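S.K.: Use these hints to put chain B onto chain A, whose structure you have.
Single-letter residue listing:
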Amino acid sequence: MGRSREISGLLGALSRRQFMQGAAAAVGVSITAMPEFAVAAGEKLVNFYNWDTYIGETTLADFTKATGIEVKMDLFADNDELFAKLRSGNPGYDVIVPSSNWVSRMSLAGMLEPLDHSLIPNIKHIVPRFMRNAGFDPGRKYSLPYMWGTIGIGYRKSKFSEPPASWKWVYDSGKYSGRLALMSEGDVLLGMALKYLGYSLNTLDDKQLAEAEALIIKQKPHIKAFAEDNGQDLLASGEVDLVMEWNGDIAQLMAEDGDIGYVVPEEGGLLWEDTLAIPKGAPHLANAHAFINFIHDPDVNAGIATTVQFATPNQAALAKMDKAYTENTAIFAPESILEKSEILNYLGEEAIAKRQEACTRIFAA
Amino acid sequence: MEPWRKTPFVFLVSFLPPALWLGVFFVAPLSLLWLFSFGDKSGITDIELKWTLTNYARALDPLYLGVVLKSLWIAGATTAICIMIGLPVALVISFAPGRVQPWLLLLIILPFWTNLLIRTYALIAVLRGNGHVNSVLEWLWHIGDGILGMVGLGDYGLLGAGFTPLALLYNDGAVVTGLVYVHLPFMVLPLYAAFDRLDRSLIEASLDLGAGHVRTFFSIIAPLALPGIVSGVIITFIPALGAYLTPDLLGGADSQMIANIIERQFKAANDWPFGSALSFLLMYATFFGLAMRGIFIRRGGEGGRG
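Heads up: the protein sequence lines correspond to chains A and B, in order. Add 86 to the 1-based position in the first sequence for this note's numbering, that's all there is to it. Add 3 to the 1-based position in the second sequence for this note's numbering, that's all there is to it.
Only chain A is shown next, with the shape it has when bound in the complex:
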């Protein structure tokens, strides 16, 4: 998920996270160096493994000032990388930021430490809906929400008389032939097609999946590219006029280009949620809880939300935010559409394999 800020340079708009992904791909290995860990009880340290540009400007320093605990932050580019890093044992991280469906996958694989809610009193500030409706982590045993958002359509306003508020325009129409890009991420690509067809994006029904696959293959002649988290660049450079993207990527573009709009289609879409969790074997358990608690302090949380420009699940922090944030449609979609949207669940290894093979067929068709 591209939640990164743009770095401007001679190559034009290129987000830093994307760059890291590409760089990692280029050398074929992860470029995040393993931090040096010294495991000592009572050590004043917490090792934080986070997405790039996904924390407040002064949050880490403020935490050290408030508690005397030093924070070492290390960055990952996507959930796959996070998972791969922790797959064969925790190299020493205390707090990680996996997305919702990955919380299930990791907890089922025994990779997460249960949270002690009594050590996190700031839980009371979190919107109750997030505590109740977390199908991926019932009872919030392993994770607390960090930021959330949607997937929708980013578009160039001057080319449209009204917002393209249906998935139809990207999945089932030749009207914008060659002017549209979809996302290459399998769950999203198939998931939004399922939503358009009126099914759940978490469906396990092979027939519904096959229908979604056929829909995308039929649409292929009109699709310019399956973007690898760089859809916002295609939109910014005028290669395409509408693109399926994470809301944050489009929000950042909207701040730079007044001609860009964002809409979550009327069929609803995917609600993503990134969470705070503690991986099994974390060397500084108490510090990890203290850090998570600190992040949900209303003032601290408002500071983070101001920097990252994503929707916070912390209602006390939300009350402190200005209108430019709370009324930004790229950050908060209308409630009626959120109702129809779904959180992506962990569907099991077999279902994931099936969906990935469907993607291979789609890209090969």
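Simulated from the structure, these hints should not be mistaken for laboratory data. Be aware that a few hints might be false.
[What the hints assert, rightly or not] Only pairs whose alpha carbons sit at most 27 Å apart, straight line, appear in this in silico DSSO-like list of lysine-lysine:
| no. | chain 1 | residue 1 | chain 2 | residue 2 |
| --- | --- | --- | --- | --- |
| 1 | B | Lys270 | A | Lys158 |
| 2 | B | Lys270 | A | Lys306 |
| 3 | A | Lys171 | B | Lys53 |
None of the values given here were measured: they were computed from a predicted structure.
M.R.: Chain B in isolation, oriented as in the chain A frame:
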């Protein structure tokens, strides 16, 4: 040079570091992947070694073979274009005055000093709809249109109603362009080395005896430089076959290559056994190519002596 039996210590000291390096960073991880390729995914993170061939059987599914064929086609086109560009370039460099040669070689190697990712993004800036190539074309279009207007043909729209940018990006052509750009030095350098070793008197003799330049090239230069040409083809073709970043960034809706599928197995699909099997099939194909090269060069050598 002393035979190694007489100085076992010196031999050992100089042999150990590279052997260790090879063992730790090449043999060990590859062996692990090789074992994975016969394994079965038994849980979210567990792989059970079952000595099964199901992963290889799955890789022979028409779906994956189709992608392999497509990868072969793209790598083949890349190699062919590299030869067509590389041959004259290497010839020119090897016949250039000695003083200029290092500079010409430097120009070939220079792009290597920049990261592959940066070069690929630069290519995006060059090729995209409002990129540099299309800007120049648009400029030329306006000049052409202006001239037509001046001679009184402006109303006929001979050049079309307006400038339409060429679709240079997000298709297979863009992938081949990107791969040629990246791999050209791999072709030029061995060709240059081969041409540079040529006995110039043979070329002079051929020209003296009445053969034209074209005939001299095909009857004298090409056969003598064959090992260099084969090396160039191999070291261009193999990395192009496993290209991953280029189709990802420059390709369109159906520019998926085999390496992209392998990546999907190791990341999104979390199916390391199948990913390993695919990787090893690619590697076996590479070994096959190298074996062919060995045969080819030996034959060429015998032919030369005969």
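S.K.: Could you run down the list of hints and mark each one as holding or not?
M.R.: Hint-by-hint comparison with the structure:
Taken as a hint, the B:Lys270 and A:Lys158 pair is honoured in the structure, with Cα atoms around 26 Å apart against an allowance of 27 Å. The straight-line distance between the Cα atoms of B:Lys270 and A:Lys306 is roughly 24 Å, inside the 27 Å bound, and the hint therefore holds. With a C-alpha separation of about 25 Å, the suggested pairing of A:Lys171 with B:Lys53 holds against the 27 Å cut-off.
This entry satisfies every hint, going by the numbered hints stated previously.
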